[in-house]
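Participant: Assemble the whole structure, with the sequences as input and the hints as a guide.
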Amino acid sequence: MTTVQAAPRPVALRLRGLSCHFGGVHAVAGVDLEVAGGERRAILGPNGAGKTTLFNLISGEVFPTAGQIEVFGQVITWVPSRKRIRLGLTRTYQTSRLFRMLSVLENIYLAVLGAEGGHMRPVRLRQDREYRTRAREVADRVGLADRLDAAAGSLSHGEQRQLEVALGLAGRPKILMLDEPAAGLSPAERGSLTGLLLSLDPAVTLLVVEHDMDVALRVAESVTVMHEGRIVAEGSPADIRANQRVHDLYLGQPHSPSGEGRVGA
Amino acid sequence: MKRRRFPPPLGVGRVGAVQSWRWLKRLGLAGILLVVLLVPQLFSTFFASTIGVQSLVLGIAAASIIFLNAIVGMVSLAQTALYGIAAYTVAKLAVEQGVDPWMAALVAVLITVVVALMFGAVASRSEGIYFLMITLASAVIAYYFFSQVTTFGSHEGINGVVPPALLGKPFVDPTGMYYAALICSVLIYLLIWYLRRTPFGYALQGVRDEPVRMRALGFNVPLLRTAAFGFGAFMAAIAGVLLVWYNSNISPGAIDLTRTIDLLTIAVIGGLRRLEGAWIGALLFTIVQTYSPKYTDRFETLIGLVFLAVILASPGGLAGILGGVDRWVRRRIGEVGTATVAPGQRQP
Amino acid sequence: MTLRRLRAEIAHRMAGGLALLVLVIAVVWVLARAVGLFGATANISLFLIVTLNGLTLAGLYFIVASGFTLIFGLMRVVNMAHGSLYLLGGYIGLRLVQNHLNYWLALALAALAIGVIGLVMQQVFLRWNQGQDLRQALITIAISVVLADQMIPYFGAAAVAINAPGGLNSSVRFGLGDVRYPTVRLVVLGLAVLIGVSLWYAIQHTRFGMIIRAGVDDRAMTSALGVNVQVVFGVTFFIGALLAGLGGVLGGTMIALAPGQDASFLLSSLVVVIVGGMGSLAGALVGALALGLVDQLSGVYLPAGYTNFSILLTFALLVFVLAMRPTGLFGRR
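Residue numbers (the numbering used here), protein chains in the order written: chain A, 1 to 265; chain Y, 1 to 348; chain W, 1 to 333.
Don't read these hints as lab results, they were simulated from the structure. Among these hints, one or two may not hold up.
[To be verified] Non-contacting residues of chain W with respect to chain Y, defined by C-beta distances greater than 12 Å in every case (computed):
1. Q132
2. R173
3. Q230
[As the list claims (entries may be wrong)] Pair by pair, the computed Cβ-Cβ distance ranges are:
4. Y/G128 <-> A/V11: 37 to 45 Å
5. W/G190 <-> Y/S314: 43 to 51 Å
6. W/A256 <-> Y/S314: 36 to 44 Å
7. A/E137 <-> Y/L191: 50 to 58 Å
8. W/V116 <-> Y/Y291: 34 to 42 Å
9. Y/S314 <-> A/G184: 28 to 36 Å
10. W/R173 <-> Y/L312: 25 to 33 Å
11. W/G131 <-> A/G30: 32 to 40 Å
12. A/G30 <-> W/I25: 44 to 52 Å
13. W/I25 <-> Y/I287: 47 to 55 Å
14. A/V11 <-> Y/R327: 50 to 58 Å
15. Y/Y194 <-> W/V160: 50 to 58 Å
16. W/Q130 <-> Y/S314: 15 to 23 Å
17. W/L21 <-> Y/E127: 51 to 59 Å
[Said to hold, decoys possible] Which bits of chain Y does chain A cover? Going by a derived footprint, with three or more residues having C-beta under 8 Å, they are:
18. 32-43
19. 205-216
20. 223-230
Since we're looking at a predicted model, the values are computed, not measured. Beta carbons are placed, not taken as given, at the ideal position from N, Cα and C, and that holds for glycine.
Facilitator: As structure tokens, this is what we get:
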């Protein structure tokens, strides 16, 4: 599907010259990225391309060695991780990080609580009932309405990934970052995930990191491809599908050495 | 595995068996609670005092360890040092300054919590085994502090601490002391039961399960851990106050490494993941400690071996064993498997 | 942007800054008093003796703590029984010397015995539950309780010292300040240096050491590469325990042996490793020096009437390092 030129949307996320290296390895090197509000962007790339590190930089789990991050025009490069949710930024993880000993409902309730604040409160108030209702709604959206009381640790892999997404949605984010949401899912599960993502509020900016091209290309309106910490291609899904360099990257053929994307050994 | 039929005592069929087991448990629990309530009336002064009061007070101290581990995922060995601080504060104020015992107790709890919050602020950025080591080191340092600084009476400690008139003399008539300890135990148990279902309680459990995600969700993890540690100190302080009133004295020997490990032993034997285990473990410990000298001089070896056996065979401790028996029975009589968790209830 | 980052970092460091201030004041105070300021008579020889006490104690701490950090660095086992192994080693050495065995032979045998005991402990109790940090810590705690309690009936509750071998019974004269210092303590310091250098060499330049370094970095990968990690673990635990036992005999000669010493050396190992960083030999060196010097200097140089608060300076050291770097000066997660 080709993108249609619409009225210019505000820039939700902007990365300028973002770099991050750990002990000599440039996980992310000089990344410039712009994502508009409400855009559905997929970030693709082979393993080790730096996609997850990019997410970690945006969500504040890791601080960059150079560059700048802006969310809705606000510079947040050094803002501590826990304050970023206030800006409407939520993320999910490649390997599910669920609260295993709590129930599905309690998991999502915690995510809502985190976004709404007031979590040092040692008393139950009316808000908590509202939060639980919200949690139920989110659980319903991701298809876990019948598993509310199940301990998160006892869910099947597919259900855990569903809960992962629910935790990302619970905070009513403005920017939702999904790290390999389709990892390990069966084709049917992948289908319902795609359906869920397509039905998201159009105002929400969606960033999906994927190793697997299928889900990503169906949901995305634009794609960024990374390799060895750098962006090597950007465009619509059709452009990317036709891109020979990307093709070579995924099939492992050495592409013509151009000095780009080569990081120190 | 042989399938044996479990004959239901009342009623027929599966539903009858399930109901019967539930009633049996409720009756058993009611019976135990009744006995606990009437210990001073049912048992000798010696038993009520030495076993009864001590089990309750040590139970409160052990509960602080279990609370921190089960709810927040922090294993703290500093609890003995904290109840030492409370005990020494009470002793110093009451004996040397003549302060009213209740006032001394209040000040002691406050000081202990403040110290714990300050320490917690630094220690809360360490997780897991590191935290255990830091609290252990601090506990031993606290012991050396109290045994070296002369104003605390060095190795003698401070004697002559008199409990408030309301509680009476614990070795003459333990009734007052016993009910005070019982009330404190019950209140603390109920408080934690309530706290667990509050936003604060859920946040702590989140920190236990996934601290990294909690940060991303917007929670201040070090602050939560510090606050939890402060609450644990509150519990330990209460135990310390009761303990110094019970013993009428406090000395470094009450908070040395052996005692620190004894408290951990109680928590582990009772069950590190279930709050009830604190008092169960304390009861067992106190009984063995009181009656084993008839058979052997080496009480610590005995309790150490029990500790080892529990860790190797049944890490859930006695409470875990009881829970396991319950689950076994329920499976036998056909009740549905227990992978579900009711909101607000935690699976051990 | 940079200001915000700076503020965030400063907020974390306030507790550490305070502790650092205390330590800096302490150092200045000590040096000043040694030289004769603040109302003290200049006493260089006292300063020298106390500093040497600190250094030799640091040597002993290093020997014991290096074993502790080796075991943790590779196997992530916090060996809470380390203090008990120290004391047991001392007592075994004591018995051997009392039975007229040559001191050095007794030293070697006691160290080996403890090494074997440690190995047995690891094989029986720790081999099958690797990765369960808490459980293993609890197991070693239980073992330490049993060991400590069993030593009392066999070795008594009174403090005893091991007699130093003939040649070491004297003291060495230093020209500076006309100081006489017990030779045995200097020998311990020398041994500590020797052991430190040997360990460093073994870890940096031998194949076995390389395996240890790789294992500390990434255990799963090392195993996948075909290295028999179980053998490596066993040997490492053996060496770690051996060092504890060795330290026990030396400590028994230098200081004394008594039922409280196991707690004392467990504490010192913990502090050295918390300060220096887990799994780091350099960290153990720095930590041992810090602890030994703070311990001895504060015992003498704190204002009169406050010398019994010296333990608080050790605590300040601990707090300072934790506030700065929760994983220790040379540590990594």
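Participant: Against this structure, judge whether each hint is valid.
Facilitator: Do the hints match the structure? See the list:
1. Q132: violated (9 Å)
2. R173: Given a closest Cβ separation of 33 Å, the condition holds.
3. Q230: Given that every Cβ of chain Y is farther than 12 Å from that of W/Q230, nearest at about 20 Å, it holds.
4. Y/G128 <-> A/V11: 37 to 45 Å: holds (41 Å)
5. W/G190 <-> Y/S314: 43 to 51 Å: holds (49 Å)
6. W/A256 <-> Y/S314: 36 to 44 Å: Holds - the Cβ-Cβ distance for W/A256 and Y/S314, about 40 Å, lies within 36 to 44 Å.
7. A/E137 <-> Y/L191: 50 to 58 Å: Between A/E137 and Y/L191, where Cβ atoms are some 32 Å apart, the hint is violated.
8. W/V116 <-> Y/Y291: 34 to 42 Å: holds (37 Å)
9. Y/S314 <-> A/G184: 28 to 36 Å: holds (34 Å)
10. W/R173 <-> Y/L312: 25 to 33 Å: Distance hint for W/R173, Y/L312 is violated at roughly 56 Å.
11. W/G131 <-> A/G30: 32 to 40 Å: Distance hint for W/G131, A/G30 holds at roughly 39 Å.
12. A/G30 <-> W/I25: 44 to 52 Å: holds (47 Å)
13. W/I25 <-> Y/I287: 47 to 55 Å: With Cβ atoms ~51 Å apart, the hint holds.
14. A/V11 <-> Y/R327: 50 to 58 Å: For A/V11 and Y/R327 the Cβ distance comes to about 55 Å; the hint holds.
15. Y/Y194 <-> W/V160: 50 to 58 Å: Since Y/Y194 and W/V160 have Cβ atoms about 55 Å apart, the given range 50 to 58 Å holds.
16. W/Q130 <-> Y/S314: 15 to 23 Å: Cβ of W/Q130 to Cβ of Y/S314: about 20 Å, so the range 15 to 23 Å holds.
17. W/L21 <-> Y/E127: 51 to 59 Å: violated (28 Å)
18. 32-43: Violated - the region 32-43 of chain Y has 0 residues with a Cβ nearer than 8 Å to chain A, which falls short of three.
19. 205-216: holds (count 10)
20. 223-230: With 3 residues close enough to chain A, the hint holds.
When held up to the earlier numbered hints, the structure conflicts with 1, 7, 10, 17, 18 and fits the remainder.
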